[in-house]
Structures are given as structure tokens and as C-alpha cells.
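Based on the provided sequences and hints, a complete structural model is requested.
Here the protein sequences come in this chain order: P and B. Each residue of the first sequence is one higher than the one before, counting from 12 in our numbering. Each residue of the second sequence is one higher than the one before, counting from 12 in our numbering.
FYI, nobody ran anything at the bench for these hints, they're computed from the structure. Take the hints with a grain of salt, since some may be wrong.
Because identical chains cannot be distinguished in the list, a pair is counted as satisfied if it fits within a single copy or across any two copies.
The list that follows gives simulated cross-link-like pairs (lysine to aspartate or glutamate, DMTMM-like), each with its CA atoms no further than 25 Å apart [claimed, not checked]:
no., residue 1, residue 2
1, 164, 40
2, 160, 39
3, 60, 39
4, 145, 96
5, 156, 139
6, 60, 40
7, 60, 98
8, 107, 66
9, 60, 150
10, 97, 161
11, 103, 40
12, 103, 39
13, 97, 113
14, 145, 66
15, 145, 98
16, 164, 143
17, 103, 66
18, 60, 133
19, 97, 165
20, 107, 150
21, 160, 96
22, 60, 96
There are 2 protein chains.
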Amino acid sequence: MQKSVSIAAMTLSLSIAGAAVAEQLSPEEQILTRQAGYSFISWNMGKIKANLEGEFSQQQVAAAANAIAGIASSGMGALYGPGTDKDIGDVKTRVKPALFTERQQVGELAGNFVQAANMMAEAASMAESAQDVKGAFMDLGESCKACHKEFRKD
Amino acid sequence: MQKSVSIAAMTLSLSIAGAAVAEQLSPEEQILTRQAGYSFISWNMGKIKANLEGEFSQQQVAAAANAIAGIASSGMGALYGPGTDKDIGDVKTRVKPALFTERQQVGELAGNFVQAANMMAEAASMAESAQDVKGAFMDLGESCKACHKEFRKD
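Written out as C-alpha cells, the structure reads:
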């Protein structure tokens, strides 16, 4: 797991490193790929939630948290290239145009998300009970919501 | 990173642990969620390929490999529940019916995939050049293809 001190730097450098690669994906593909990432995250968030509300399997929570952290840390900023700020035919997006102009705020929220995802994975790797991950899971959920609130249409 | 010796056991137990959770997703959602996982894997495979053919960024390759390993190890077997063996309205699937009957072969191929994904992530975490991950990346690609050949329609 990345140490949290290096996450901001990592996020930034990944965004830059990812820029060249994003050019290989069409705007439609970028939208679909970022939605795929969030869908897969959502499934894994649901699994963790079910574990916290029901029987706790450390193995399942850790696996779900690793998937989320891996996706969050993969440089998704590269999937918000030019032309991906609005629907393209049947490919719909709920992103608000402000995401493409409020770079500093977006960078902070994205950095918080990556950090929260990595802290959740770290907590899950050592968890003996649901109690050991509840705080990290709540922080992770808040980091998702913070970005949705600002930059995702209802 | 999981040690490879424990991966087969982990895969099996995750499949079992995931069964209860899958019941919360409709068959349509299961198909879409597994496709989301593979789409996100595909994007990250493409990034690694671009790094091996062009300029090599260890940071980007490691991040992509971690995303792939996280998704692969998340218990995707739970997304192949009853009713997900064929198209459901607009939700199309390329899975062959044999995937739902050839359990032993599927388990072996899935285990190989999870193991190859984790070995790629391990190799990427220490790589100093493209040469250091080429073998692991080839093995990972082969593990994808082995399952596509048997259980995915063209």
C-alpha cells in the first residue's frame, strides 16, 4: 500500500503520465471506461457495507478494498480528456462542466479519494472486526460524496 | 501482494464468500458489473502495453497492474450467478453456457488469472525496466486468452 504522504505526488504524476495514454481512447471510450471503474467500485463498496452490517469476512472486505484502491489509484484523471464533458450520442455522462475548469478543487477531491481508498485498504488488511474498518470506510464514502456533490449531476 | 501459494485457496473462499452478496445484484447488474471489471482491466492492460512498447514509467505500470490485480482478486465469480448465462433484453453477454457447467476447468482458469495478475503486480512493484515485467505481462495476457478461448463467444 502506498504511504499517504506520497499519494498527492503520485496522483499528480499519474495524471500527467496518463495523458499520453488517454489519447489512444476516444472520448466515448474514456467516458465508458471511467463509468466502468466507478461501477466496479460501487459493487465493492456494497460488499463492504454488507460485511459491516452482517457477518464480517476480513478476507472479503480486504479484497473489495484492494479493488477499490487499485482502481482509485490507476490514474482515472486521464479519462476526463477533451470532449468528455457532455453526452456523446448514446454515451451519457453525469459530469458537470465545472469539473473541467475547477482544476485545483478537483485535484484536492481526487487526492482525498485516492488517500481514503488506500487507507481503507490498509485498515482492511489488518482488520479483526468490522469496528476496525468502520472509520476508514466512512471516510472513503465521504470522499466519494464530496466529489459527487460538486461535480456530478443528480 | 498475496503470496502465490495462497491464491488458489483465496480464490475459492472468495467465490464462496461472494455468493451471498451476489444475490443482492440482479442478473442484469451482475452481467454489467463483470463487464465493467473487464473493461477497466482492458484499459489498464493497454496502458502497460503502451509502456512496454514506448517510454517505461514504473509508476504507471505498477498502478495499472495493481488495478488489474485488485479487480481480478475481488471475487468476480459471484458475478456469474443464475440467469447470467445469456442476454437479458438489452444487456448482452458473450459468455458461453459451458462456463456454468465446466466448474473445474473454470476454477483452474480463474485461479491462473488471479495468480498471473498478482505476479504481474509484484513484478511491476520492483521493475526497473520494461524487461523486468515482460514475462509476467505475457503470462497475464495468456491467462486472459485461455479463458476467452474456452468460454467467450467471438
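- Item | Intra- versus inter-subunit Cα pairing at 25 Å for residue 60 with residue 150 | within (13 Å within a copy, 34 Å between copies)
- Between the shortest in-copy and the shortest cross-copy C-alpha distance, which are at most 25 Å for residue 103 and residue 40: within, between, both, or neither? both (11 Å within a copy, 18 Å between copies)
- Item | Identical-chain pair category, residue 164 with residue 143, by Cα at 25 Å | neither (33 Å within a copy, 44 Å between copies)
- Is it within, between, both, or neither for residue 60 and residue 39, if the alpha carbons may be no more than 25 Å apart? Between copies, since 21 Å is at most 25 Å while 31 Å is not.
- If the cutoff is 25 Å on CA atoms, where do residue 145 and residue 66 land: within, between, both or neither? Let me know, please. Close inside one copy (14 Å), not across copies (41 Å); limit 25 Å.
- With 25 Å as the alpha-carbon cut-off, assign the pair residue 164 and residue 40 to within, between, both or neither. both (20 Å within a copy, 22 Å between copies)
- Measure nothing new, just compare the shortest in-copy and cross-copy C-alpha distances for residue 60 and residue 133 to 25 Å and report within, between, both or neither. within (17 Å within a copy, 29 Å between copies)
- For the identical chains here, do residue 97 and residue 113 meet the 25 Å Cα criterion within one copy, between copies, both, or neither? Within one copy, since 16 Å is at most 25 Å while 43 Å is not.
- Query: Between residue 160 and residue 96, at a C-alpha cutoff of 25 Å, which is it: within one copy, between copies, both, or neither?
  - Reply: within (17 Å within a copy, 37 Å between copies)
- Task: At 25 Å max between alpha carbons, let me know whether residue 97 reaches residue 165 within a copy, between copies, both or neither.
- Result: So residue 97 and residue 165 pass the 25 Å test inside one copy only (14 Å; across, 32 Å).
- Intra- versus inter-copy proximity for residue 98 and residue 145 (alpha-carbon distance at most 25 Å): Intra 37 Å, inter 38 Å, cutoff 25 Å: neither.
- Message: One pair to classify: residue 103 and residue 66, alpha carbons no more than 25 Å apart. Within, between, both, or neither?
- Response: neither (37 Å within a copy, 33 Å between copies)
In this structure, the earlier hints numbered 4, 5, 7, 8, 15, 16, 17, 22 are contradicted, and the remaining ones agree with it.
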